[in-house]
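Engineer: As you go down the protein sequences, you meet chains A and B in turn. Numbered per the numbering used here, the first sequence spans residues 1 to 215. Numbered per the numbering used here, the second sequence spans residues 1 to 215.
These aren't lab readings, by the way, just hints derived from the structure by calculation. Wrong hints could be hidden among the right ones.
Stated by the list, open to error - Lysine-lysine pairs mimicking PhoX-like chemistry, simulated, CA-CA at most 25 Å apart:
no. : chain 1 : residue 1 : chain 2 : residue 2
1   : B       : Lys-56    : A       : Lys-100
2   : A       : Lys-28    : A       : Lys-100
3   : B       : Lys-203   : A       : Lys-7
4   : A       : Lys-56    : A       : Lys-203
These figures come from a predicted structure and were not determined experimentally.
Spelled out, the chains give:
Protein chains: 2
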Amino acid sequence: MEIKIMKNILDRNQNKANEVRSLLAANKVVMVNIISSPGAGKTTLLEHTLEELSSKFRTGVIEGDITTDRDARRLQRFNIPIVVINTEGGCHLDSHSISKVLDSFSLEELDVIFVENVGNLICPSQFDLGETFKLAVVSTAEGDDKPGKYPMLFREARAVLLNKIDLIPYTNFNSASFISDLRNINATVPLFEISCTRGDGMKEWFGWISDQIVI
Amino acid sequence: MEIKIMKNILDRNQNKANEVRSLLAANKVVMVNIISSPGAGKTTLLEHTLEELSSKFRTGVIEGDITTDRDARRLQRFNIPIVVINTEGGCHLDSHSISKVLDSFSLEELDVIFVENVGNLICPSQFDLGETFKLAVVSTAEGDDKPGKYPMLFREARAVLLNKIDLIPYTNFNSASFISDLRNINATVPLFEISCTRGDGMKEWFGWISDQIVI
Numbered sequence: 001m002e003i004k005i006m007k008n009i010l011d012r013n014q015n016k017a018n019e020v021r022s023l024l025a026a027n028k029v030v031m032v033n034i035i036s037s038p039g040a041g042k043t044t045l046l047e048h049t050l051e052e053l054s055s056k057f058r059t060g061v062i063e064g065d066i067t068t069d070r071d072a073r074r075l076q077r078f079n080i081p082i083v084v085i086n087t088e089g090g091c092h093l094d095s096h097s098i099s100k101v102l103d104s105f106s107l108e109e110l111d112v113i114f115v116e117n118v119g120n121l122i123c124p125s126q127f128d129l130g131e132t133f134k135l136a137v138v139s140t141a142e143g144d145d146k147p148g149k150y151p152m153l154f155r156e157a158r159a160v161l162l163n164k165i166d167l168i169p170y171t172n173f174n175s176a177s178f179i180s181d182l183r184n185i186n187a188t189v190p191l192f193e194i195s196c197t198r199g200d201g202m203k204e205w206f207g208w209i210s211d212q213i214v215i
Numbered sequence: 001m002e003i004k005i006m007k008n009i010l011d012r013n014q015n016k017a018n019e020v021r022s023l024l025a026a027n028k029v030v031m032v033n034i035i036s037s038p039g040a041g042k043t044t045l046l047e048h049t050l051e052e053l054s055s056k057f058r059t060g061v062i063e064g065d066i067t068t069d070r071d072a073r074r075l076q077r078f079n080i081p082i083v084v085i086n087t088e089g090g091c092h093l094d095s096h097s098i099s100k101v102l103d104s105f106s107l108e109e110l111d112v113i114f115v116e117n118v119g120n121l122i123c124p125s126q127f128d129l130g131e132t133f134k135l136a137v138v139s140t141a142e143g144d145d146k147p148g149k150y151p152m153l154f155r156e157a158r159a160v161l162l163n164k165i166d167l168i169p170y171t172n173f174n175s176a177s178f179i180s181d182l183r184n185i186n187a188t189v190p191l192f193e194i195s196c197t198r199g200d201g202m203k204e205w206f207g208w209i210s211d212q213i214v215i
């Protein structure tokens, strides 16, 4: 019974996601759905990425948050279109909420929209937003066992960013274990080992993400 | 429509939670529902807590995980009853799954059951398991803005554990901001600032949790 209800919700989400995907394709807009646990560093990653990309691409942002506009405020200085979706307790964004807010963007004037999903390693990976691809962000402080324990996202992501590698010396994080765990789940996904605060790996990340945005 | 479905699911969960709560009370067993993001340190906290409490109390554990039994394996050395619930993709435990596994415990031989919920700061706070109380664990590496952004759990918890305070010097975590954010959401909840790896604050935590277990 509950499974059937969930299937209906997911079917309706998928139909709307397909619409969103067609609309984005018609306007040649790439949409990146960024997913992580709370506090893995999505907003800081976005700040650095917008700094790098804003001169090359026309960017927009959708900020998913349960209740505040704190993350959006951190991005205001970029003077780009930003829309906040407050889920009011909801644990993920869905394609219907994305579809609604797309009306407030001038899609023909954008190359890429970054969607910062609600901080949650589980539910957001089950809801297609119509995005071009998903991005998994995970922090070293979360431990090296996360891909095996939360496999859905790591299977679906087009790239994995291992953030906060500057903290490794102060934790029991084992890079070899993490990589082996990830490769069991997804043998080929590109992995970027980065530190947003110290700058490690950011050049490679900027290069890769730029290549995904066709203009 | 979706709201109505959600209400039905929550109503059925609440009814079963009430049954679980009665059963635990009849057997004088305290159940602690531990909730956090992935990688905030629930299992490590549990390891240290079991080490301290096992000589004083008869303990049991329910390990909620999406797909592995990794956390349960880490606790095997305590030689106490441990049951794993794999949610198979599900983002939280519910009272029905707890009710089912309670049959495999001899409740009359236990003082306390620790439930390690699925790593998720959102959904688990919405599902009453019939627990005696919820515990919120949050890591300094997640940032100081989490209570305001994920208020449900911080409102409901009987205690908040701020873990990994040994990492503060290597992050931009601001303790005053965290405390102010927490107090806006919950003015009175006890806060323990701890480091499971270094030992800070553990004595106070052990004292408090022992006081919650009446034998």
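Engineer: For every hint, state whether the structure bears it out.
Structural biologist: Each hint tested on the structure:
no.: 1; hint: B/Lys-56 to A/Lys-100; verdict: violated (56 Å)
no.: 2; hint: A/Lys-28 to A/Lys-100; verdict: holds (19 Å)
no.: 3; hint: B/Lys-203 to A/Lys-7; verdict: violated (48 Å)
no.: 4; hint: A/Lys-56 to A/Lys-203; verdict: holds (15 Å)
Taken one by one, the earlier hints fail for this structure at numbers 1, 3, listed in ascending order.
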